[in-house]
Amino acid sequence: MSTLRSRSVEMTPAALPTLVRSVWPLLVGVGVALALQFFAKPVIGDFYAKVLLDIGTSIILAVSLTMVNGFTGQFSIGHAAFMMVGGYVSGGIVYYGSLLAWGSADMAGGALSSMIDGREAPFLTWGDALFAGSLVAGGLVAAVCGYVVGLPSLRLKGDYLAIVTLGFGEIVRVLIQSQTSDVLYTVEEVKETAWYLMPTKVGGALGFSGLPFYSSLFWVFLGVAVTLLVAYRLKDSATGRAFLSIREDEIASEAMGVNTTQFKVRAFVIAAFFAGVAGGLFAHSIGVQLNPGELGFLKSFDIIIMVVLGGLGSISGAAIAAAIVTILPELLRNPEPLLKMWPVLAGLAAVLLVAAVVCAMTGRRARSLVAWMCIVLTLLGLGFGARAAAAAGHNLGDYRMILFALALILMMILRPQGLFGVREVWDRSLWKGIADSFRAPPKKGGTNK
Amino acid sequence: MTPPTDAVLEVRSICKSFGGLKAVQEFNLTLPRGSLRGLIGPNGAGKTTVFNLLTGVYKPDVGSVVLGGREITGMRPFRIAGAGLSRTFQNIRLFGELSVLDNVRLGCHVRAQHGVFRSIVRTPFHRGEERAIEASARRLLGVVGLLGRADEQAKNLPYGDQRRLEIARALATEPRVLLLDEPAAGMNSQEKVALRALIQRLRKEFDATILLIEHDMGVVMDICERITVLDYGKTIAEGTPDEVQSNPAVIEAYLGADADAGSSHAASKGGR
Numbered sequence: 022m023s024t025l026r027s028r029s030v031e032m033t034p035a036a037l038p039t040l041v042r043s044v045w046p047l048l049v050g051v052g053v054a055l056a057l058q059f060f061a062k063p064v065i066g067d068f069y070a071k072v073l074l075d076i077g078t079s080i081i082l083a084v085s086l087t088m089v090n091g092f093t094g095q096f097s098i099g100h101a102a103f104m105m106v107g108g109y110v111s112g113g114i115v116y117y118g119s120l121l122a123w124g125s126a127d128m129a130g131g132a133l134s135s136m137i138d139g140r141e142a143p144f145l146t147w148g149d150a151l152f153a154g155s156l157v158a159g160g161l162v163a164a165v166c167g168y169v170v171g172l173p174s175l176r177l178k179g180d181y182l183a184i185v186t187l188g189f190g191e192i193v194r195v196l197i198q199s200q201t202s203d204v205l206y207t208v209e210e211v212k213e214t215a216w217y218l219m220p221t222k223v224g225g226a227l228g229f230s231g232l233p234f235y236s237s238l239f240w241v242f243l244g245v246a247v248t249l250l251v252a253y254r255l256k257d258s259a260t261g262r263a264f265l266s267i268r269e270d271e272i273a274s275e276a277m278g279v280n281t282t283q284f285k286v287r288a289f290v291i292a293a294f295f296a297g298v299a300g301g302l303f304a305h306s307i308g309v310q311l312n313p314g315e316l317g318f319l320k321s322f323d324i325i326i327m328v329v330l331g332g333l334g335s336i337s338g339a340a341i342a343a344a345i346v347t348i349l350p351e352l353l354r355n356p357e358p359l360l361k362m363w364p365v366l367a368g369l370a371a372v373l374l375v376a377a378v379v380c381a382m383t384g385r386r387a388r389s390l391v392a393w394m395c396i397v398l399t400l401l402g403l404g405f406g407a408r409a410a411a412a413a414g415h416n417l418g419d420y421r422m423i424l425f426a427l428a429l430i431l432m433m434i435l436r437p438q439g440l441f442g443v444r445e446v447w448d449r450s451l452w453k454g455i456a457d458s459f460r461a462p463p464k465k466g467g468t469n470k
Numbered sequence: 003m004t005p006p007t008d009a010v011l012e013v014r015s016i017c018k019s020f021g022g023l024k025a026v027q028e029f030n031l032t033l034p035r036g037s038l039r040g041l042i043g044p045n046g047a048g049k050t051t052v053f054n055l056l057t058g059v060y061k062p063d064v065g066s067v068v069l070g071g072r073e074i075t076g077m078r079p080f081r082i083a084g085a086g087l088s089r090t091f092q093n094i095r096l097f098g099e100l101s102v103l104d105n106v107r108l109g110c111h112v113r114a115q116h117g118v119f120r121s122i123v124r125t126p127f128h129r130g131e132e133r134a135i136e137a138s139a140r141r142l143l144g145v146v147g148l149l150g151r152a153d154e155q156a157k158n159l160p161y162g163d164q165r166r167l168e169i170a171r172a173l174a175t176e177p178r179v180l181l182l183d184e185p186a187a188g189m190n191s192q193e194k195v196a197l198r199a200l201i202q203r204l205r206k207e208f209d210a211t212i213l214l215i216e217h218d219m220g221v222v223m224d225i226c227e228r229i230t231v232l233d234y235g236k237t238i239a240e241g242t243p244d245e246v247q248s249n250p251a252v253i254e255a256y257l258g259a260d261a262d263a264g265s266s267h268a269a270s271k272g273g274r
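If you read the sequences in order, they're chains P and X.
Okay, so the first sequence: first residue is 22 according to the working numbering, each after it adds one.
Okay, so the second sequence: first residue is 3 according to the working numbering, each after it adds one.
Calculated from the structure, these hints are not laboratory results.
There could be a bad hint or two in this list.
Examples of chain P residues toward chain X, derived with CB under 7 Å [unchecked claim]: (1) Pro34; (2) Ser43; (3) Val251; (4) Glu275; (5) Gly278; (6) Asn280; (7) Leu435; (8) Val443.
C-beta: ideal position from N, C-alpha, C; glycine also.
Start from the sequences, fold in the hints, and give me the full structure.
In structure tokens form, the structure reads like this:
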């Protein structure tokens, strides 16, 4: 019998069409990022541009964590630590790099990096190159940290990773917080300082102030595009199947020839890389001061909430959940855009109610319909609640952690696999499964366990 | 007897104890290429422990396992799978959330050249390999008769289909020796007939060397050329089905004492 390798060589397609097929999704991503930067931003205004920026960063974080918690089924609860590592490395490179190169740490980027409209600047400058390079450097350092943290704990089966990542997150936070030296402000100070002391000059507990705002919609959504593409291509390949098989049954996976340690470490290192990139983007976002307190344990949990809500293992689910979790506090602070749509939402709830009643009367399962109706009604209720709270001088957004906790509990009861489970929005089997749940209930006493 | 040069799997007196319990003692086995060997014994005789020792789930205390002339004793399970020893599980261990096709495609993993970089960049070779993997996975699904359910989630398959899917997944690793752990358990009589035909077909088409644990005596006596009988971790008999059936030690330890238990066991499983 021929070997798999020889058959693979036989079936290898021509190089040029393959190149096109491999590259076009990235080009589309670049196109979308450019469109957001140059066409969408002027339309939606600065405030929503900033919300969109935060959504993009969250998507990168959630999708990268999906590779660990979702694909391989390991439980990392220190994702923000890799973000912090990436953010500080990237911030340090950009800040001190600019100081040395241009004598000032002011923003030296072009139109591509600008979040402020009407700024006269060339399209692309050396500042942009420095920023892009710093993102990659931050990601790489985070990936190295991921390897060091992951290798010992991922060799073992069980929950060791959770403990180790938790510890790592605290170590990184405390290390940065306990630095007492201030950020250096002048070129002379930088030149007088020994190079190996530079990592301590990041502001300590006060935060790394003075980082230029390079993160624009273009860079963030370029990062989103790359992250999504990498995650999807990993999932849809032999590597991704190996990841998922570890999650499903580690013993069977190893018996089928998967080096489980190696693949768990690979997933962890890739995830750490993208968390580092997201950290760099976060550090240079407008309205953000890089601060170790902000990227602690709670931030890690924000990311886990996104991944669990979206469905462990679903890339699109994590991305959608990241968007929801990021928008929700904004909506609670200012519910008026949502309340403008209230007739639409109320109508949707009514339609779902009628459908659920019809289903229940004809002996079909109506649980999913009721669940969706509850979601819509909850959204409406939250909107009105937020309006009432705002009138009374409160911000419902301050209570978001309570709301997320409630949402998670409800999710665990109604749909424990998350929004999409392991599948993607575009998977036909997902919608077929949801549609099937509306049809007649399956026969009792099947041959299943 | 077959000359040792022809042996694709050679097990030399492996032992394994768990605390004071001697689970497997002095187990020897020589499997010639293309042979089909049965491994039987009462419950708790150590049959599955033998499989776990061969596939690296446990390390033998003493003794050695040689596969195709290569020492595989004490290797990690994935390396043993790579060396060409593949198995199914008594308590089914499929990747439930994955599709039937993906389960078999994962089996091809061990023969593939995949890498993270290639997966991301999608080199021409990577695409060719994915095609080849899918083609062989579909072919194997055809062999076990599950091609029509390729896109279903594995956990949704009926019990008998799950057992056959496990066989397809194990075959996808292109093994030199296939270890089947109670493939007929939970199957009805029709499915058992189909299973016998499937095993015969595997021998013919894939030239498979098979070691089979089975409680269903009908299946074992019918298809195995030689049978090894274990009791309390010791090999108490080895020979052709006729020899084993007439062996007094076997009758005493197993068939005689277990005649009623054995049939009720089979009946309860067949009736599921």
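Hint-by-hint comparison with the structure:
{"no.": "1", "hint": "Pro34", "verdict": "holds, 6 Å"}
{"no.": "2", "hint": "Ser43", "verdict": "holds, 4 Å"}
{"no.": "3", "hint": "Val251", "verdict": "holds, 5 Å"}
{"no.": "4", "hint": "Glu275", "verdict": "holds, 4 Å"}
{"no.": "5", "hint": "Gly278", "verdict": "holds, 3 Å"}
{"no.": "6", "hint": "Asn280", "verdict": "holds, 5 Å"}
{"no.": "7", "hint": "Leu435", "verdict": "violated, 19 Å"}
{"no.": "8", "hint": "Val443", "verdict": "holds, 5 Å"}
The structure fails to meet hint 7 from the earlier list, while all remaining hints are met.
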